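Number of protein chains: 2
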Amino acid sequence: MNYTDNNIETSYKKILESYLNTGSEHVLYEAQQFTRTLLEHKTSPEELVSLHRSIMDQLYPELPDDIQASFDFLLEAMMGYGMAYREHQILRDRQQ
Amino acid sequence: MNYTDNNIETSYKKILESYLNTGSEHVLYEAQQFTRTLLEHKTSPEELVSLHRSIMDQLYPELPDDIQASFDFLLEAMMGYGMAYREHQILRDRQQ
Numbered sequence: 112m113n114y115t116d117n118n119i120e121t122s123y124k125k126i127l128e129s130y131l132n133t134g135s136e137h138v139l140y141e142a143q144q145f146t147r148t149l150l151e152h153k154t155s156p157e158e159l160v161s162l163h164r165s166i167m168d169q170l171y172p173e174l175p176d177d178i179q180a181s182f183d184f185l186l187e188a189m190m191g192y193g194m195a196y197r198e199h200q201i202l203r204d205r206q207q
Numbered sequence: 112m113n114y115t116d117n118n119i120e121t122s123y124k125k126i127l128e129s130y131l132n133t134g135s136e137h138v139l140y141e142a143q144q145f146t147r148t149l150l151e152h153k154t155s156p157e158e159l160v161s162l163h164r165s166i167m168d169q170l171y172p173e174l175p176d177d178i179q180a181s182f183d184f185l186l187e188a189m190m191g192y193g194m195a196y197r198e199h200q201i202l203r204d205r206q207q
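These protein sequence lines map, in sequence, to chains W and R.
If you count the first sequence from 1, you need to add 111 to reach this note's numbering.
If you count the second sequence from 1, you need to add 111 to reach this note's numbering.
In short, the hints are calculated from the structure, not lab data.
The model shown is predicted, which means the values in this text are computed figures rather than measured ones.
All C-beta atoms in this analysis are idealised placements derived from N, C-alpha and C, irrespective of residue type, glycine included.
Just to be clear, a hint being listed does not mean it is correct.
Said to hold, decoys possible - Across the chosen pairs, the derived CB separations fall in these ranges:
#, chain 1, residue 1, chain 2, residue 2, range
1, W, Gln144, R, Gln179, 14 to 24 Å
2, W, Ser129, R, Gln200, 27 to 37 Å
3, R, Gln169, W, Gln207, 40 to 50 Å
4, R, Gln207, W, Glu120, 35 to 45 Å
5, W, Lys153, R, Arg197, 16 to 26 Å
6, R, Arg147, W, Arg203, 21 to 31 Å
7, W, Arg147, R, Glu151, 19 to 29 Å
8, W, Gln206, R, Thr133, 36 to 46 Å
9, W, Gly134, R, Glu136, 29 to 39 Å
10, W, Asp204, R, Pro175, 38 to 48 Å
11, R, Ser129, W, Gln144, 31 to 41 Å
12, W, Gln143, R, Gln206, 26 to 36 Å
13, R, Glu151, W, Gln206, 23 to 33 Å
Stated by the list, open to error - Pulled from the structure, derived: some chain W residues nowhere near chain R, Cβ distances all over 10 Å:
#, residue
14, Asn118
15, Glu120
16, Thr121
17, Lys125
18, Ser165
19, Gln169
20, Pro172
Can you make the complete structure from the sequences, with help from the hints?
Here's what the structure looks like:
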């Protein structure tokens, strides 16, 4: 399957929903494949957490505040990885 | 504050709990500082998601199955970032 910037959110929602409904290992494999697309689109790891939070809000409008806040916290904690990841892209581009 | 491998889990729990109790922006800043320590300890981004999931399990033993499963999914999706991050470390070490 090919993904575009526009349908990344829709695709993530579809794969996550499918996993939550089936618990299938095969869907986890799809999630790994999907990550490759995110990396190709230069999506940062904190953007992935933000996407996850946003889709969870859509799937569970009654999500307790504490759970939502915990995603905010994880997002903040992930930001350092985003910086390391962007540094990685610069180093890799330099080596090419 | 200095962290060791042994108390990373305890420290993350303390900071997350403090954020969930207070919602303080200052605690989010602490989370960012804490991430530096995780990076120094070469903790991968999927290990951070796993740590987060484990602490949420401790803080909320009644966490609904779907929420727990959503963390598993996020962890799987984050694995590609872990690989990119390890590649980054290799490139950086080569340049030093």
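The hints, checked one at a time:
no., hint, in the structure
1, W:Gln144 - R:Gln179: 14 to 24 Å, "holds, 23 Å"
2, W:Ser129 - R:Gln200: 27 to 37 Å, "holds, 33 Å"
3, R:Gln169 - W:Gln207: 40 to 50 Å, "holds, 44 Å"
4, R:Gln207 - W:Glu120: 35 to 45 Å, "holds, 39 Å"
5, W:Lys153 - R:Arg197: 16 to 26 Å, "holds, 18 Å"
6, R:Arg147 - W:Arg203: 21 to 31 Å, "holds, 22 Å"
7, W:Arg147 - R:Glu151: 19 to 29 Å, "holds, 28 Å"
8, W:Gln206 - R:Thr133: 36 to 46 Å, "holds, 44 Å"
9, W:Gly134 - R:Glu136: 29 to 39 Å, "holds, 37 Å"
10, W:Asp204 - R:Pro175: 38 to 48 Å, "holds, 43 Å"
11, R:Ser129 - W:Gln144: 31 to 41 Å, "holds, 37 Å"
12, W:Gln143 - R:Gln206: 26 to 36 Å, "holds, 29 Å"
13, R:Glu151 - W:Gln206: 23 to 33 Å, "holds, 24 Å"
14, Asn118, "holds, 16 Å"
15, Glu120, "holds, 13 Å"
16, Thr121, "holds, 15 Å"
17, Lys125, "holds, 12 Å"
18, Ser165, "holds, 12 Å"
19, Gln169, "holds, 12 Å"
20, Pro172, "holds, 13 Å"
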